[in-house]
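K.L.:
Each chain is listed here by its residues.
There are 4 protein chains.
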Amino acid sequence: MAGNTFGHLLRLTTWGESHGPAIGGVVDGVPPLIPLGEADIQPWLDRRRPGQSRFTTQRQEPDRVRILSGTFEGKTTGTPIALQIDNVDARSKDYSDIMDRFRPGHADYTYWVKYGIRDYRGGGRSSARETAMRVAGGAVARKVLDHLVPGGVRIRGALIQVGSLRIDRKRWDWDEVARNPFFAPDAGIVERWSSYLDGVRKAGSSCGAVIEMVAENVPAGLGQPVFDKLDGDIARAMMSITAVKGVEIGAGFGAAELSGETNADEMRMKDGKMTFLGNNAGGVLGGISSGQDIVVRFAVKPTSSILSPRRTVTIDGRDTEIVTKGRHDPCVGIRAVPVGEAMLALVLADHLLRQRAQCGP
Amino acid sequence: MAGNTFGHLLRLTTWGESHGPAIGGVVDGVPPLIPLGEADIQPWLDRRRPGQSRFTTQRQEPDRVRILSGTFEGKTTGTPIALQIDNVDARSKDYSDIMDRFRPGHADYTYWVKYGIRDYRGGGRSSARETAMRVAGGAVARKVLDHLVPGGVRIRGALIQVGSLRIDRKRWDWDEVARNPFFAPDAGIVERWSSYLDGVRKAGSSCGAVIEMVAENVPAGLGQPVFDKLDGDIARAMMSITAVKGVEIGAGFGAAELSGETNADEMRMKDGKMTFLGNNAGGVLGGISSGQDIVVRFAVKPTSSILSPRRTVTIDGRDTEIVTKGRHDPCVGIRAVPVGEAMLALVLADHLLRQRAQCGP
Amino acid sequence: MAGNTFGHLLRLTTWGESHGPAIGGVVDGVPPLIPLGEADIQPWLDRRRPGQSRFTTQRQEPDRVRILSGTFEGKTTGTPIALQIDNVDARSKDYSDIMDRFRPGHADYTYWVKYGIRDYRGGGRSSARETAMRVAGGAVARKVLDHLVPGGVRIRGALIQVGSLRIDRKRWDWDEVARNPFFAPDAGIVERWSSYLDGVRKAGSSCGAVIEMVAENVPAGLGQPVFDKLDGDIARAMMSITAVKGVEIGAGFGAAELSGETNADEMRMKDGKMTFLGNNAGGVLGGISSGQDIVVRFAVKPTSSILSPRRTVTIDGRDTEIVTKGRHDPCVGIRAVPVGEAMLALVLADHLLRQRAQCGP
Amino acid sequence: MAGNTFGHLLRLTTWGESHGPAIGGVVDGVPPLIPLGEADIQPWLDRRRPGQSRFTTQRQEPDRVRILSGTFEGKTTGTPIALQIDNVDARSKDYSDIMDRFRPGHADYTYWVKYGIRDYRGGGRSSARETAMRVAGGAVARKVLDHLVPGGVRIRGALIQVGSLRIDRKRWDWDEVARNPFFAPDAGIVERWSSYLDGVRKAGSSCGAVIEMVAENVPAGLGQPVFDKLDGDIARAMMSITAVKGVEIGAGFGAAELSGETNADEMRMKDGKMTFLGNNAGGVLGGISSGQDIVVRFAVKPTSSILSPRRTVTIDGRDTEIVTKGRHDPCVGIRAVPVGEAMLALVLADHLLRQRAQCGP
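Protein chains in written order, with numbering that gives the first Met the number 0: chain C, 0 to 360; chain V, 0 to 360; chain H, 0 to 360; chain E, 0 to 360.
In case anyone wonders, no lab produced these hints; they're calculated from the structure. Where hints are given, some of them may not hold.
Identical chains share a label here; the pair holds if one copy fits it or two copies do between them.
Once the Cα atoms are required to be at most 20 Å apart in a straight line, the calculated EDC-like pairs of lysine to aspartate or glutamate come out as [stated by the list, open to error]:
hint	residue 1	residue 2
1	K201	E37
2	K272	D99
3	K269	E320
4	K201	D167
5	K272	E260
6	K201	E260
7	K169	D292
None of these values were measured; they are calculated from a predicted model.
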């Protein structure tokens, strides 16, 4: 209820601050007998890990995950899986210039108003560091999906826009995503993004981004009518990621400009199977998965931690300015790619169990 | 869990099909001693009621709400409030042309795959008729907000785009909204939308729309960090409305194109109060309300029920075509305005109670 | 959260006061394609119905249930099932002698302190009338159990003690339960209870009772370790029934006096199947069903509505006396039998769906 | 949903097995600004710690708790509080004699049937070791209660029966509880229990017990009508403790034998305050606290881990016998006292927040 648990049947509860001794998570509701070890989780964390290129924060965190419970002899037991990552590079520094004032665009102010107290070291719980546990939990969710869905579920994300520079969708190649530091599916954009981001970084500024994710081989029938629509839960999951300001499914906002004839994906039998002739729906109709690819996009705002002096106020109500030094991502959208994938995996695995509960296997 | 309940502390559970005897809802968790009668709810339902102009469905439903429990001598008692609306104009008709085949872009197919059974009369539970109870529940949520927040919370919505025709934001006038059948805040767009929609309607087609909502005087501090962010819950609430495909908060997708300097709303003291110098955040920072206006937009796809013949398949797997006759909204986005407002009210009232629980009054 | 919803995957939400126009319930999460009509529910309500003998309240309520949603052509559709019963015999009477003072042992005082308002007509929401919807919801749960468990699940209850008069367990005959107005499984006790209760009734007094319930053919594996133990949820379900003050499973409080050797039910193979050589566990080990009969007992206190004058206080703090006239059950424990069965059915059906979600069919 | 989280607004999620590296818990929903350190939790754990007398298990666990998140400069921040205890004395031993067969009366069999896998080392998740985290979480709940309720809430438990040996209630002295290894409130029973338990221990047997708990200064108004009654949630909380088989409130099962006149606690004004003239209700009327002492009793069965050979079956279906060596409590009921107190604290603190949410401070 206080909002640190995600999901209904597959549940991830996370804890920990940016500058505490560790961060952790508990995954409850995992079906038993699924092979699971740390090696199933670590690679996903490595993709999100900071300090891997000059375009992300230079904080050095190995983000080494440990499983502390819930498995026995290499398999899940159906009991809660505790995951933990020690904080290693939480530098002791002088916070006097930010502890008494609020960073514009940051959660500093709202945490203060809500709780009357905040852990100003590194943002505490509002730090993007919190998303590491989402990625770890998402890795467990992927195992659940792969265990229960014949053929497995493939969830992939890519960066499709940085600032106002968009990829060319015609050159989309999933294989490219792993070959550049941006998760870009278009090799042609990499150099332009590099030079743009170098400029942003040198200016001590930051920029936004748009991510697109696709989940393939999702069974039809996931999701609930009315309030717990699959796309509703996806929207909430994405919007819950730090700095996300917009979410859309399939044709998304563009659907508003289509005619009924163009928008509705027609249907035809093909090799004895029902198929759709388009995917404006993004794989969800009436809140329930249709068996098509789930297609989701979300927008990430520019980081609020920038070097330019900004006007702000102090906690005791005086006008002042603030400059946020330290090691920050010039474009948090980049590292949001693995986080978005993880959240999508968590939503799908939860709904898979919910569907199995009500409608059977 | 099966998805017909919304909210945690203020909860709306709805039931009923388009062509059953009635639709209803139960609002649980309402604080006691709030004056509440049917007259507090009916006006909001009247705004959503079909058949009020030639631009919405011609089904005639008085949508007369009754309160069956939870109040005593004109005040809430803290016990569940049951709301009910009889279905009056559910015409008996011949469904043979739709009962054995799926409307493209409609939930027909996914309900069938999920449940193996569907109430094909009028769409059953996937009908937009279901949203009437959201409006009724939202009316109760407004009363809760007004009772607990000094000065009350004002939640208003407007249609800002129909097809590709956008309003001129410079001419925004909230008073206009009640004066035209589109909830348009720009008097200058009304004639253009009228003639455009007449064309859509005569062609038996449909079109999409974009709605914007603003909540004023929302206390700072609502929302939970991490998974239950206020904007996450708002996104889910909007995406759960029939036909919605995208949601954004504040600058939304546009934030991706802003620089860190431009995007972050600076802060200054004014008359002894902290104020923001912009509202790209849309009133939410780090998932918690900042005290600024909450600004939300969502996109509605064109109705899938259209007169043009579309390619589809039958439930026993044959290719065929379908034409959807009957009384449908050419632009469901219009009547989505009061529905969006209601969902926003439900989210805010729920978070207000959650905040009161954890952090006190 | 406000406590009018029961269950996680199979959920019953109830509403309505003793003296309002109707009472109702919504059952959400029911699997689709289960044959269900009003005739499946009415017989269970008839067992609980008041006015069937001189030993229960003389209020005449036909308790005719209507299904308002969630079924189509005689089968469940997977969408919420709305149930409704009109209040027929809510006599208009003079409440002036109870509206300003509290009945000792009744919820009058605590509702008043909690909410600052109460519907004093017939007890409002704290009336035993509320349990009718539990019975209706329990009837739906029975259908779910019978649909999903091969051979069905049999849930039966019996009255085993009235005041201090206990049945003779050696004469237990389930067939007797339907033959007397007490749900007594021992024909030999009926006359003694009749004459004892006649005395209680004539004295304007009331008495307590103990109920025992047995669920047969419950699959092994239901329940969750740690907090959501099956017996924990059963205990909560029973204790949530009006006037219940104690619950026990299997040997119950008696287990405290057994040695480890006597208490633990030994195991042996029999015809290739594992069997237990006793059932002190009452069918639950470590919070999980063992496949044995689930055996539950609960104690019901005497009704607080009695004719003898009792010392009490008024809402404005004056000492006074109170006499509760009206039509009351001298022994509410009798009608608690079908209510207990219904709650047990709801718990078991919910856990059956939960087990299917996590561990599969 | 998988049952490792307790509570709605104040939530405890626990994880960890008896023989894993550690056990842990996350407490979410704690109000901010409450002073909290490890020293507030450790003393409660010390009371439950094994190996403190010859009457409990000889496993040596310092049970040293660490707080890993959720506090800043000695105060709660409103974010999740992670608690952790390393397992120190989980002896490596030969499990070959129990890994392939089931202990009668133990959760071995039901875990196996439910999950198809079990951590047989020390019982895994079904071990009483799991209750340590309940005590730690309960310590946090006590801080919440003391912070929010003027004068604080006092929750105390005592052992009132071992085997069939009951205390003399007339000699009840709370000060005695800390002076003997049994939490006995009656000094006169200590020697009898000692010699009885020595006999049980030497015989390799075990015995049951009954615990009574009293919560003082609980505000009136806590609890929800209908399904979430305060006593219902207490009953579930107690029944969820390992080995508990029965729960009762106030007069409990004894209420069945009382007349309406005797049972109902009369009311009188005293010094301008409403008072009850008895407490058969145990502090709860209609599911809502009355302001009187909350009085709860629960029965603990004898441990199933005993030295006498018992008939059982193997996992592959052969008849055999089993003897459970190792370090076990001859009477788990003793150490259940601090666990019961902790669970009562968790229920009360959760309902306090729920009440504040709906009805205000």
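K.L.:
It remains to establish, for every hint, whether it holds in the given structure.
P.N.:
Results for each hint:
1. Taking CA atoms no more than 20 Å apart as the test, K201 paired with E37 passes in neither setting, with 38 Å inside one copy and 45 Å between copies.
2. For the homomeric pair K272 and D99, the shortest alpha-carbon distance between copies (17 Å) is at most 20 Å, but the shortest distance inside one copy (63 Å) is not.
3. Within a single copy, K269 and E320 get their C-alpha atoms only as close as 64 Å, which misses the 20 Å cut-off; across copies the closest is 15 Å, which meets it.
4. Taking the closest pair of Cα atoms, K201 and D167 never come within 20 Å of each other, the shortest separation being 26 Å inside a single copy and 38 Å across copies.
5. Neither within a single protomer nor between protomers do K272 and E260 lie at most 20 Å apart by alpha-carbon distance, with minima of 23 Å and 52 Å respectively.
6. In this assembly of identical chains, the alpha carbons of K201 and E260 lie at most 20 Å apart only when taken from different copies (14 Å versus 49 Å within one copy).
7. For a Cα distance limit of 20 Å, the shortest separation of K169 from D292 inside one copy, 18 Å, qualifies, whereas the shortest one across copies, 40 Å, does not.
Violation of the numbered hints given earlier is confined to hints 1, 4 and 5; the remaining hints are satisfied by the structure.
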